[in-house]
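K.L.:
What follows is the residue order along each chain.
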Amino acid sequence: MKQRVQKKPNKYIQGCKAFVLDTLTWAYILLVGYKIVYEKMIIDERYPEFSWEQPLLALYIGLAVAAILFFTKLSLGRGLFGLIKFDENEGPASQPFAWVGYLLIVLTFITGFYVSQISMKEFLSESGLEGARRIFKALFSPNWAVFEEGLFAAIETIYMAFIATAVAIPIAFVLGFFAARNLMNTNRLAFFCYNTLRAFLNISRSIEPLVWAIIFSVWVGIGPFSGMLALCIHSIASLTKQYSEQIESIDDGPIEAITATGAHPIQVVWFGVVPQIVLPYLSYTIYRWDINVRMATVIGLVGGGGIGNLLMQYQGQARWNEVGMLVILIAAIVWTMDWASSKLREALK
Amino acid sequence: MLEIKGLEKVYPNGYHALKNVSFCVPKGEFLVVIGLSGSGKSTMLRCINRLHDPTGGEVLFCGVDTSKLKGSALRKIRSEIGMIFQHFNLIPRKTVMENVLSGNLSRTGILASILGIHSPEARALAQKYIEIVGLKGKERNRADNLSGGQQQRVAIARALMQNPKILLADEPVASLDPATSHSVMQYLKKVNEELGVTVICNLHFLSLVRQYAHRVVALKGGKLIYDGKPLEINEEWFKTIYGEDAVEVTIN
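Just so you know, the protein sequences line up as chains D and B, in that order. Sequential numbering of the first sequence, starting at 185, is according to our numbering. Sequential numbering of the second sequence, starting at -4, is according to our numbering.
Some hints could be false.
Below, computed lysine-lysine pairings styled on DSS-like, alpha-carbon distance capped at 30 Å [what the hints assert, rightly or not]:
{"id": "1", "chain 1": "B", "residue 1": "K234", "chain 2": "B", "residue 2": "K65"}
{"id": "2", "chain 1": "D", "residue 1": "K195", "chain 2": "D", "residue 2": "K257"}
{"id": "3", "chain 1": "D", "residue 1": "K425", "chain 2": "B", "residue 2": "K89"}
{"id": "4", "chain 1": "B", "residue 1": "K184", "chain 2": "B", "residue 2": "K71"}
{"id": "5", "chain 1": "D", "residue 1": "K527", "chain 2": "B", "residue 2": "K89"}
{"id": "6", "chain 1": "B", "residue 1": "K123", "chain 2": "B", "residue 2": "K63"}
For the record, the hints were derived by calculation from the structure and aren't laboratory data. The model shown is predicted, which means the values in this text are computed figures rather than measured ones.
Start from the sequences, fold in the hints, and give me the full structure.
P.N.:
Pasting the structure below:
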């Protein structure tokens, strides 16, 4: 019977974290408060200057404020890390430190409002509404002359997404085992592999497929091939992550039992792990294809081929009736894929 | 047959699960291990076939110290030690036949086993063991659709497929109802008596212990505190093993 000894978090480390959090909180409140509330709202400066001095100054003052208020009940950091004791019945939401948190949220909201340049005047202006009416009218009277052209481009998109998924499956299948913590924490070398692979996957996943498509369109030229490569890279990273998470959540029992029969580690994986993951894998894969079809459309916008490419061309020429036709086609594909993939995944359960 | 000398196990988190445990198991014995949850019973069984690695002491199985083995030598020893589990641990979505054949993996090539190729002898043997545990006609059923008791019998057949010298049973009846418990214990008894396989079994219910065990050892807090005949466990020993406030629950 495994029994875990609960490790108590070190009070001093928690305190340090709390202090850093406090400093950053106060610096943020001061900086944003000055820039947005004072410069923008009160003296209404058109083009506020940016210099590194202001954030640095805010950080120093934030440090000072955090130091002064650290041992009072207004320390958000100590509150969040559980270093402030309060009446259990009241809950943390009504504590003094929570008000600092509310101030943070309100300030962020105001800032967001200003940064997004929300303006009702422009949204409801006469010329603006006229433009909207024109484009909607064109979109809703699609030009059926481009139906055939659009359809072929759409087929290209679907096949491109399919190949991208198909190529990604075997690679992700193998990598998935190496990215699963419960299989890789047996020795140090394996754990090193696990960490390296995880870092690599996280980096490639954090680069959007759109960016990959731009990279590949320079590498292999504009067209479906660059789009397919972009989708493939992204699919490998995403599928590997999903596959490995599935492996991490399996029941250890069959692994134990197969190991106990004296089987080879490869047999342990094949008989102890694989039967437990086949169905979730299929489900993820179908869903990935569905996502890839939708993404392929977007990727086409930057030269990844398919219907997205066509859409970009007509949009550039402001031929809205043609664009309307393509939008209808895209909507039909997305809806069909969505429906088919959910039906398929349901059937697999 | 099996000799355990000064077995120690400390988990990486510092939990000391086994403290200087020593005892012998002669061939053909039905040994039962009792003790509270967390007393180290499961850990001890897993140290024998190295599902866990002991941190000290020796486990001599037919004269070989299993605690030092690695790689293929370890797999060879494991193949001679059958094991069944509280939660059966069958391969889900596979048939009874495939599950029983998985007991033969150590003697099947990796590629052959992945492709599902098994020798006719192995299939005949699997068929024989399926019949021994009374599951004739269920060969093609999916193992996870069977009842708990039937699943445990599949697990027994899988262990027998290894042609083991010893069978480890980790609380084999703890997730079964009383009637099924007895039926599974009967099969273990049959394996012990008719096939001559030595059995080491972790159990919770003393009534089952008295009925099936040749000999009993008790663990408490990782230490061996009792080694003797099942009928010699009196009220006093019971309180020592399970604590002052414990009351015996019977299962009929």
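K.L.:
Hints first: check each against the structure and report whether it holds.
P.N.:
We went through each hint and held it up to the structure:
no., hint, result
1, B:K234 <-> B:K65, "violated (41 Å)"
2, D:K195 <-> D:K257, "holds (17 Å)"
3, D:K425 <-> B:K89, "holds (26 Å)"
4, B:K184 <-> B:K71, "holds (26 Å)"
5, D:K527 <-> B:K89, "holds (25 Å)"
6, B:K123 <-> B:K63, "violated (35 Å)"
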